[in-house]
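*Asks:* Each chain is listed here by its residues.
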Amino acid sequence: MNKTVNQKAWFFVLPVFLLVAFNALIPLMTVVNFSVQETFGDNVFFWAGVRWFEEVLHSERFHAALVRQLLFTGIILLIEIPLGLAIALSMPRKGPWVSVCLVLMALPLLIPWNVVGAMWNIFALPDIGLLGRSINALGIEYNYTRQIFSAWFTMVLMDVWHWTSLVVLLCYAGLVSIPDAYYQAAKVDGARPWAVFRYIQLPKLKYVLTIAILLRFMDSFMIYTEAVVLTGGGPGNATTFLSIDLQKIALGQFDLGPAGAMSIIYFLIILFLSWLFYTLMMKDEAR
Amino acid sequence: MKRIPWLIPTLYILFLMMPIYWLVNMSFKTTNEILGSFTLWPREFTFDNYVKIFTDPTWYNGYINSITYVVINTILSVVVALPAAYAFSRYRFLGDKHLFFWLLTNRMAPPAVFALPFLQLYSAVGLFDTPVAVALAHTLFNIPLAVWILEGFMSGVPKELDETAYVDGYSFWGFFFKIFVPTIAAGIGVAAFFCFMFSWVELLLAKTLTSVAAKPIAATMTRTASTSGYELGLLAAAGTLTIVPGAFVIYFVRNYIAKGFALGRV
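If you're matching them up, the sequences are chains V and X in order.
Following the working numbering, the numbering of the first sequence begins with 464 at its first residue and continues without gaps.
Following the working numbering, the numbering of the second sequence begins with 28 at its first residue and continues without gaps.
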C-alpha cells in the first residue's frame, strides 16, 4: 500500500511511545547504571567502568548457563517446529472438528506459567505423578529432582507440551490461506503429496514459520517461571538457564553490578540472534 | 498414514490433556488420598479444596487482583495501540520504521532483566503493590504486540475505504469510530485476546511488583506451597481455576484464533 507522508501521525503514536518509553527506557537506564558502577550499599555508587562486563564475560558460571540455554533452545526448536508443522498438516481444514481442535490445542497457551510448572511438577513426581510413576513402572529409573537426564527430559517435554500448539496454530493459519485452486492445479499435473508440500505448502508457510521460529527462540531463551517451579534450576545447577542465573545474582545475592552487566549482555544476545534468524529467513525475499 | 489423518491430532490432544487431567483429578482428592495411595481417579471425591478457595479471602482476592490488572492492561494496550497502528498502516512519518522496530525489540526483552528496575521505578512513583503497577508493567510487551497485530489487520483494509468516507463527508474521528473500528472488529478482538493471554500467564513481573494488597493468584499459589507445607490438593484446585478464564476467552475467539496467531498477516 502506498502511504502518504504525514508528520502529524506522530500524535497518533505518541501515547504508545510515552508508555513504552516509561517502561523500557527508565529501567534500561537503571540497568546500565548498575552495570558500570560499584556499590557497598546505602545508595553510594562508585564508577567501575567495564569491569563487570569483563568479569561476566570471563566467568565460567555465565558460560555454563549460556551453553545450557543454547542447548535447551536448540533442542526444543528441533522438536517443536517439525512436530508443529506435522500436526498442522494432518489437521482437518473444514467441519465441526476444526474449532474443537483449535480450542483444545490453544488451552496450554493460556495457563499461567507457574501453574504449568506446578502441573508438571505434580504430573512427573516419581511416587504420586502419572508420568513419573508410569516411567518407573516400565523399569526405567526416573527422578527429576535427582537425575540430570530426567530433569532435562521433563523440562523439554514440558516445553513441548506448553508451546508446540503455538507452532501448530501459526502453520494452520498459513495452510488455510492457500487457495483451493493451487491444489486443483497440482492434481491436474499429477503432483505427489511430497511435491505438493515442497512446492505449494512450504513456500506459503515461509512467513508463518519465520514468526514461529522467532517467537519460540525468544521465549525459550527467556524461560524462567516454569523452569523455576519445576526444578528450581537443579539438580545442582543442571537446569539453571540464563534468566534463573540472573535472578539468583540480582535478587538472591544482590550483586547489582554483575547482574546489570549480565542483563545487558543477555539482551544483546537475544537481539543479535533474532536479527540473524530474521535476515537469514528473509534473504530470498529481497531477491 | 493417509487413511487416518485424524490420528496425529488426536494423539497430540491426548498428550495435551494428560497433565491437565492429573491436575483436575488431584484437586478433587483429599490430602490423605494424594499422599497415601496412587489412584487414577478420586476414590474419596471431595469439593473441600474448592470450598476453601471460594471462602478464604487470601485465595479469592488473588483471583480478583489478577483479573483486575489483566483487564486494565488489555483495555489500556488496545486503546493506545489503535491510533498508533492506524498511523503505521496508513502514513509515513519521520522515524516510523525505527520506532516500529524499537517497539518490537521490547518483546525480546527478558522480564528477568527488568524485574529489579521495575521494582525501583514503581516504588519511586508510589504505585508498588497496586494492580495499576502490574497493568502498566505488562504494557511493555503487550503494547508492541497489540500494535503489531492491529497493523497487520489494518493493512488488509483497502485505503479506498478511508477516502470514500471523507468524500461522504465524515470527519476523521467520525470515520475512525463509525466505520473503521467496526471494519477491523475481528482484529481488535484478536489483539485483546493476546493482551489478555500474555498478561494472564506472566508471573515474574506481577510477583515482583506486588506484596500483599495486590498479590496475583499465581503468586498466592507459590507462597502457599512454601509456607503451609505441601497442600497439593489445594494447589491443584487453585491451578485448575486459573485454567477456566483462559478456556472461556478462547471459546469466544475460536473462529479467529488461527488467523490471530499469525498476527493478522496471512
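Simulated from the structure, these hints should not be mistaken for laboratory data.
Heads up, the beta-carbon is just placed ideally off N, CA and C, and yes, glycines get one too.
Take the hints with a grain of salt, since some may be wrong.
Below, a list of computed lysine-lysine pairs in the DSSO-like style, where the Cα atoms sit at most 30 Å apart [as the list claims (entries may be wrong)]:
hint: 1; chain 1: V; residue 1: K471; chain 2: X; residue 2: K242
hint: 2; chain 1: X; residue 1: K186; chain 2: V; residue 2: K466
hint: 3; chain 1: X; residue 1: K205; chain 2: V; residue 2: K711
hint: 4; chain 1: X; residue 1: K186; chain 2: V; residue 2: K667
hint: 5; chain 1: V; residue 1: K466; chain 2: X; residue 2: K242
hint: 6; chain 1: X; residue 1: K234; chain 2: X; residue 2: K205
hint: 7; chain 1: V; residue 1: K746; chain 2: X; residue 2: K124
hint: 8; chain 1: V; residue 1: K557; chain 2: V; residue 2: K650
hint: 9; chain 1: V; residue 1: K466; chain 2: X; residue 2: K205
hint: 10; chain 1: X; residue 1: K205; chain 2: V; residue 2: K669
hint: 11; chain 1: X; residue 1: K205; chain 2: V; residue 2: K667
Label-pair distances were calculated between CB atoms; the ranges are [as the list claims (entries may be wrong)]:
hint: 12; chain 1: X; residue 1: W129; chain 2: V; residue 2: W510; range: 20 to 30 Å
hint: 13; chain 1: X; residue 1: F128; chain 2: V; residue 2: E523; range: 19 to 29 Å
hint: 14; chain 1: V; residue 1: F740; chain 2: X; residue 2: S198; range: 22 to 32 Å
hint: 15; chain 1: V; residue 1: Y662; chain 2: X; residue 2: F128; range: 25 to 35 Å
*Asks:* Are the hints correct? Go through all of them and say.
*Replies:* Here's how the hints hold up against the structure:
| no. | hint | result |
| --- | --- | --- |
| 1 | K471/V - K242/X | violated (41 Å) |
| 2 | K186/X - K466/V | holds (9 Å) |
| 3 | K205/X - K711/V | violated (52 Å) |
| 4 | K186/X - K667/V | holds (25 Å) |
| 5 | K466/V - K242/X | violated (46 Å) |
| 6 | K234/X - K205/X | violated (40 Å) |
| 7 | K746/V - K124/X | holds (19 Å) |
| 8 | K557/V - K650/V | holds (19 Å) |
| 9 | K466/V - K205/X | holds (22 Å) |
| 10 | K205/X - K669/V | violated (36 Å) |
| 11 | K205/X - K667/V | violated (35 Å) |
| 12 | W129/X - W510/V: 20 to 30 Å | holds (28 Å) |
| 13 | F128/X - E523/V: 19 to 29 Å | violated (35 Å) |
| 14 | F740/V - S198/X: 22 to 32 Å | violated (44 Å) |
| 15 | Y662/V - F128/X: 25 to 35 Å | holds (33 Å) |
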